[in-house]
Amino acid sequence: MRKVTKALMGMSSALVLSTAIPGMAKADELTLCWAAWDPANALVELSKDFTAATGTAMKFEFVPWPNFADRILNELNSGGKLCDLLIGDSQWLGGSAENGYYVKLNDFFDKEGIKMSDFAEAAVNAYSTWPKGTPNYWALPAMGDANGWFYRKDWFAKPDLQAEFKGKYGRDLGPPQTWDELKQVAEFFTGREIDGQKVYGAAIFTERASEGITMGATSALYPYGFKYETTPGKYDMDGAVNSPDSVAGLEAYKALYKCCQPPGYTDSYMGEGLDAFKSGQVAMAMNWFAFFPGLYKDEKVGGDKIGFFVNPKQKVAASTLGGQGISVVANTDNMDGALAYIKWFAQPDVQKKWWALGGYAVHNAVLNDPSFKTSQPFAADFLVAMNQVQDFWQEPSYAILLQAMQKRLHDYVVADQGTAQEALDSLVNDWKEIFEDEGKL
Amino acid sequence: MTDAPSTIAERSADVLARATPTTIAVRVRGLSDRAIAWLFITPTIALLLAINIFPLIWAVYLSFTNFRANRPNAEVEGVGLRNYRRVLNDPDIWIAMQTTAHFVFWTILLQTVIGFALAYLIDRKFRGHAFWTTVILIPMMLSPAVVGNFWRFLYQPQIGLFNYIVSFFTGIPPSSFEMLGSVTLAPWAIIIVDTWMWTPYVMLICLAGLRSIPDYIYEAAEVDRASTWRQFWSITVPMALPFIMLAVLFRGIENFKMFDMVMLLTGGGPGSTTEVASITLKREAFESWLTGRSSAFAIILFVAVFGLANIYVKALNKVKQR
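Which chain is which? The protein sequence lines are A and B, in order. The working numbering numbers the first residue of the first sequence as 1 and each following residue consecutively. The working numbering numbers the first residue of the second sequence as 442 and each following residue consecutively.
For reference, chain A alone in the conformation it holds in the complex (with noise of 0.2 angstroms):
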């Protein structure tokens, strides 16, 4: 009788085995990478969506800012099977298409009919395309972001601030719209006391070891005519990189620096911008559109008492672009799985959903509806900033570049070593020795 029963035991184990093997096949289980930040967040609650309608399971690896590209960089250098999406850094697209990290996804947009006629130009180029703005696409524009600038919208309505700031600068005190202003503007609060706390004028990046002072130096640079090349693609950088106007600019974004960042900040990034603004120890702040929406939902500092502003113009209009594109980690096992999320994120349904959850949306279904800009106190401004938007090198040998350009903007305005235009021209021999490395000067 046990034997009996052993084996119809095991016949029926074989049978349930034999039935769930091929099922599990079928339910993909996709792993998504990506920071951790806010958006990061909203795309687990859109993606939902997705594993109801195919049945794939998603597992997401976020990984915080400040480690996000060693670690990642590392998993695709090392041919690793962690991520089978990933949304990268835009910097990251031409190493990532030289050495064959993602997969280039022409041949799939042609066949899902997928266009990138429908995405925001400005993010195609950014997000999608190595060489840039060529028809080459390894990527699908994700989350659309550039530097920005919120404010504290009670302070700057305080009548008797108000009146003081107009008798001084014979205008009304509101959000700069020149690097100039910005700057009278922090001077302005700087040193002031409001509701019993010392305040300073504003937060902006200086972090030293990833990327932060180069993203907030250039949104300076940007607005007074700084220019990577005279001819794009030839790697003319004298007298671009190093011109009268980028020395003005980066001279502009030290003086802010000096005059009115609080005490300590002198290697902060988003954490520290936004920690600095949440505690009520500044007036303005500089970070990407990205933690917009929760700074709005904060309880403390957001509502009606937050404004938000586009990167002051100078010389030009301009802001220093953010975001990423979502592409297929070339080493996945699970390539079908991975293409089938690609194609259900660039329904306009699920962009339209994906910003209603935090997420910035570039699908022009998106941002071309008329009640987009109301949607969000700070949607307006997100139009503006992604028609104006510049890109740090996209080079395979971005990461030394991006060091280089660290290092001498960190020593000229943090550290007080040199001139701007000694920085600026020590930055254009850094670039030209790796340029002639690279073979291409």
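Heads up, a few of these hints could be off.
Residues from chain A that face chain B, not an exhaustive set, calculated with beta carbons under 10 angstroms [said to hold, decoys possible]:
| no. | residue |
| --- | --- |
| 1 | Asn-136 |
| 2 | Gln-403 |
| 3 | Asp-411 |
Beta-carbon label-pair distances, calculated as ranges [stated by the list, open to error]:
| no. | chain 1 | residue 1 | chain 2 | residue 2 | range |
| --- | --- | --- | --- | --- | --- |
| 4 | B | Ile-694 | A | Lys-158 | 54 to 62 angstroms |
| 5 | A | Arg-71 | B | Tyr-502 | 39 to 47 angstroms |
| 6 | A | Asp-49 | B | Tyr-502 | 45 to 53 angstroms |
| 7 | B | Phe-609 | A | Thr-178 | 41 to 49 angstroms |
| 8 | B | Asn-514 | A | Lys-115 | 30 to 38 angstroms |
| 9 | B | Asn-590 | A | Glu-61 | 21 to 29 angstroms |
| 10 | B | Val-501 | A | Thr-178 | 49 to 57 angstroms |
| 11 | B | Ile-694 | A | Lys-440 | 35 to 43 angstroms |
| 12 | A | Gly-80 | B | Lys-566 | 52 to 60 angstroms |
| 13 | A | Ile-194 | B | Leu-497 | 56 to 64 angstroms |
Here are the computed lysine-lysine pairs in the DSS-like style, where the Cα-Cα straight-line distance is at most 27 angstroms [what the hints assert, rightly or not]:
| no. | chain 1 | residue 1 | chain 2 | residue 2 |
| --- | --- | --- | --- | --- |
| 14 | A | Lys-198 | A | Lys-258 |
| 15 | A | Lys-432 | B | Lys-723 |
| 16 | A | Lys-132 | A | Lys-432 |
| 17 | B | Lys-723 | A | Lys-81 |
| 18 | A | Lys-258 | A | Lys-234 |
| 19 | A | Lys-343 | A | Lys-353 |
| 20 | A | Lys-166 | A | Lys-81 |
| 21 | A | Lys-104 | A | Lys-132 |
| 22 | A | Lys-440 | B | Lys-698 |
Keep in mind that the hints were calculated from the coordinates and are not lab data. We treat Cβ as the ideally placed atom computed from N, Cα and C, and that holds for glycine.
Let chain A serve as the given structure and place chain B on it in line with the hints.
What follows is chain B alone, placed relative to chain A:
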């Protein structure tokens, strides 16, 4: 007739012994001492070769190439001595070396002086000395990550306790100076933390040295009416010197490769003021991905530390032989 095994363990051992084929038992019994020694040492040697020697040889090879770890598919070309030339001609690397030397000198000096003084005091065996020994050892037991973050808060100009204490004694407003953000103060901020954390380590080694001095030497000195000062300079210091030198060697090697503390406190900044050699190496290797060039830099550092340590160990041996 033998006694029957009484415990389960003994019975199991018997079963195992009976199960072992006679041929193997004979072969093992027939091994010479040298063969058995090799048998034990071989796995360790293999492991050492795999995780120490091979990477070293590989790094030497890479140092003569243009290899970049983030471009595994690119063709690797030999570049001769170019990487070494570039490293040795790079002013930034020499500045990093100077910064490292500055840290090593001051941390060793402060830790040795304070560590020895503490050991001397603790060795007096006053009431509660065991308790104070434990208290002094606490910083050393903490993780560098905890210490780095902890001191970052202490140095914060607006809420940090350190600035308030300085302000209390000097009258300088707390938020008027930045320990981590100032070019002149940041190196000292790191030296203070490293000294706070590792002085107990030096103290422990010095204490071992002091405790190893036989009491009868002091008793003989007392009989000869030698003053305390004379006993200190003629007995205590010379006899504890090998231990002090050992502590200096350990701390010197450790501080030469100081990384975690600097990274957590300043990240090498402001600018490149506190960028020690290990941070420069990390940036070259894992941020700029210049693997060949960073290998050359690592080899240069290795040779420098190895050479200096060798000279120092010879001096230490001479002191011990006196």
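request  = Could you tell me which of the numbered hints above are not met by this structure, giving the numbers in increasing order?
outcome  = Checked against the structure, the hints that fail are numbers 1, 5, 18, 20, 22, while the rest are satisfied.
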